[in-house]
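Participant: Chain by chain, the residues:
Number of protein chains: 2
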Amino acid sequence: MSLDASKLTITKTTNSKTPLPKEQLVFGKTFTDHMLEVEWTAENGWGAPKISPYHALSLDPASSVFHYSFELFEGMKAYRDTHGKIRTFRPDKNMARMNRSAKRAALPQFEGDELLKCIDELLKVDEKFIPEGYGYSLYLRPTLIGTTSSLGVAKPDRALLFVIASPVGPYFSGGFKPVSLQATDYAVRAWPGGVGEYKLGANYVSCIEPQSVAATKGHSQNLWLFGEEGYITEVGAMNFFIVFQKDGKKELVTSPLDGTILPGVTRDSTLALAKARLDSSWEVNERKITIHEVQERAAKGEVVEAFGTGTAAIVSPISNIEFHGADIAIPVVGGTAGELTQQIEKWIREIQYGDVEFEDWSRVIV
Amino acid sequence: MSLDASKLTITKTTNSKTPLPKEQLVFGKTFTDHMLEVEWTAENGWGAPKISPYHALSLDPASSVFHYSFELFEGMKAYRDTHGKIRTFRPDKNMARMNRSAKRAALPQFEGDELLKCIDELLKVDEKFIPEGYGYSLYLRPTLIGTTSSLGVAKPDRALLFVIASPVGPYFSGGFKPVSLQATDYAVRAWPGGVGEYKLGANYVSCIEPQSVAATKGHSQNLWLFGEEGYITEVGAMNFFIVFQKDGKKELVTSPLDGTILPGVTRDSTLALAKARLDSSWEVNERKITIHEVQERAAKGEVVEAFGTGTAAIVSPISNIEFHGADIAIPVVGGTAGELTQQIEKWIREIQYGDVEFEDWSRVIV
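Taken in order, these protein sequences are the chains called A and B. Going by this note's numbering, the first sequence opens with residue 1, and the numbers climb by one from there. Going by this note's numbering, the second sequence opens with residue 1, and the numbers climb by one from there.
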């Protein structure tokens, strides 16, 4: 059976929570009244989707998700626009990526359009948890886990797709706060032929210990390097962008999708908007960047600004990169964020909140 | 609080199962009556260990184990010796490795000796599930998962260590069956600076899809290659051994622990026994081996035999390696397994079942 939104059943809670005051929201800490679940078996395919009160999962301790990391997820958000409507942002991109992740993780693929219809219904049922105002949103976490109760290392024959939702406030609550990074080469996030381009849980566990090391030196995140050349791949769990300038020309650069880079929705949106809207003094390039290029061009004054992109923050300005003990100062020309960093944030935000339409990026829930 | 076996509580089932007949045992499919659990919090450290009836785990869907792969495990076995005593095999090695895995995965470390005492008690409580006879054993699966209910990507502040146990029969039920491998270079299991040397769930999920590809061509497992040189790293989820001979000298080789190789207990035992017991016509080496060396020396008749090592099978003889479409035939001189392959299996089995003592490798549960 394919995943079929028309089979959705909804059981509402009899014990509804009061949404937290907006200023108390912490990313991913509190959740809405309900959750969405769809079970899958190799025998029968996808079962009927169900929305029911948020509840603990009861799983056999031999379930494959606990042992062999059969797990993948997406991060996306629902926004309340100025007319009170609920919108999601390019959710088709999340569905497509989730299916690519599922294939690589030997978990079942599904009809993304149908899951989006179910998510729409979850948003309607939990509507009161979608906070109003720029920077506020309901973070959605579609997750797919293998639930076969067997220790054999094999493709799961049972799986559970679930979606939980957490009301969140602005990533930078008091305005932008530029971050300091530690350029990391002793630990490596991803490798050609590995799974770095898929949103698997497996890509995250290995990044925590190096992040603790960076934190002891006062850095917020790792800037993940790759290879002897010192290629820049990602920043923490975000994609990396940098602006160079030389002889009056500016270049916006991000690392190409070579298999080691997560194809971020915000990365893609940043590239598309920059290409569509920046004037002819700009070049927008996906190309390899090394830490050495950044170091040398920063010394020559050719680095304008740098930022990370991701669903949580949209953009995260970068002010410093420590590489092998030496600090590379990154200008923050616009005060707490570079000018383009601020521009990109505004462009994306306006589309997310429905103030501006751009292609079919904003999905209105009706 | 540290992990303290003296705080162990035991609640026995009131509904004990009858152990399956030995011929019906399937690896990791059925479990004993009880399980061992120890909870950890950042605030209070390790709680009191408890043995209680085998039961489902109830976990918040936001638990970090489902999202960021905070999970690691060990595989070890308990054996019934000819005097009816229960023995485990080098369990201190598993505890040490589990602690190394925990550190790398930003999960809490623990007192291995204390956990072993608790495991001894689990074995006594579930004694009737330890099958008798060579090749039969009780497979033990210590597992550690992060249970923080938050989507923030951070070191878990809650964790659960649990041990479940599954009665198992011989890996090769009708005697050895040599396997055919596909040498795999389009997908990469592990890399320098990654986590391949730790027993994290994250290392397993990425191997299933390539294994399916190998299976469609009739191969049992992948032979994982690394780098342009074609270094052989592991075979499926086992360590790789090969025997070369030239001018009357024999060489037993396995890949060195360079960070991409799991430091297998059976690997270590194989090396130690080979060094202690093989005569002077042998060399025992940990050195890099490439698929090209295997291909060239097989063509010259210099390959004697090859096998994988792991807790599940002890040894798994290899009869064929497909590399870029060409088959490399590996001799199986002893019929269904090479002579050294059979010798190693016997040496390790005799120690596991207490027929022969070697150093302090066999732990008798009293």
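To be clear, the hints were calculated from the coordinates, so they are not data collected in a lab. Treat the hints loosely; a few may be bogus.
Since the list can't tell identical chains apart, any single copy or any two copies may satisfy a pair.
Claimed, not checked - Okay, derived cross-link-like pairs now, EDC-like style, lysine to aspartate or glutamate, Cα gap no bigger than 16 Å in a straight line:
| # | residue 1 | residue 2 |
| --- | --- | --- |
| 1 | Lys12 | Glu121 |
| 2 | Lys93 | Glu229 |
| 3 | Lys288 | Glu209 |
| 4 | Lys103 | Glu209 |
Participant: None of the hints should be skipped; say for each whether it holds.
Facilitator: The hints, checked one at a time:
no., hint, verdict
1, Lys12 / Glu121, "within (12 Å within a copy, 45 Å between copies)"
2, Lys93 / Glu229, "neither (31 Å within a copy, 37 Å between copies)"
3, Lys288 / Glu209, "neither (26 Å within a copy, 29 Å between copies)"
4, Lys103 / Glu209, "between (28 Å within a copy, 8 Å between copies)"
Violated hints, in rising order: 2, 3; the structure is consistent with all others.
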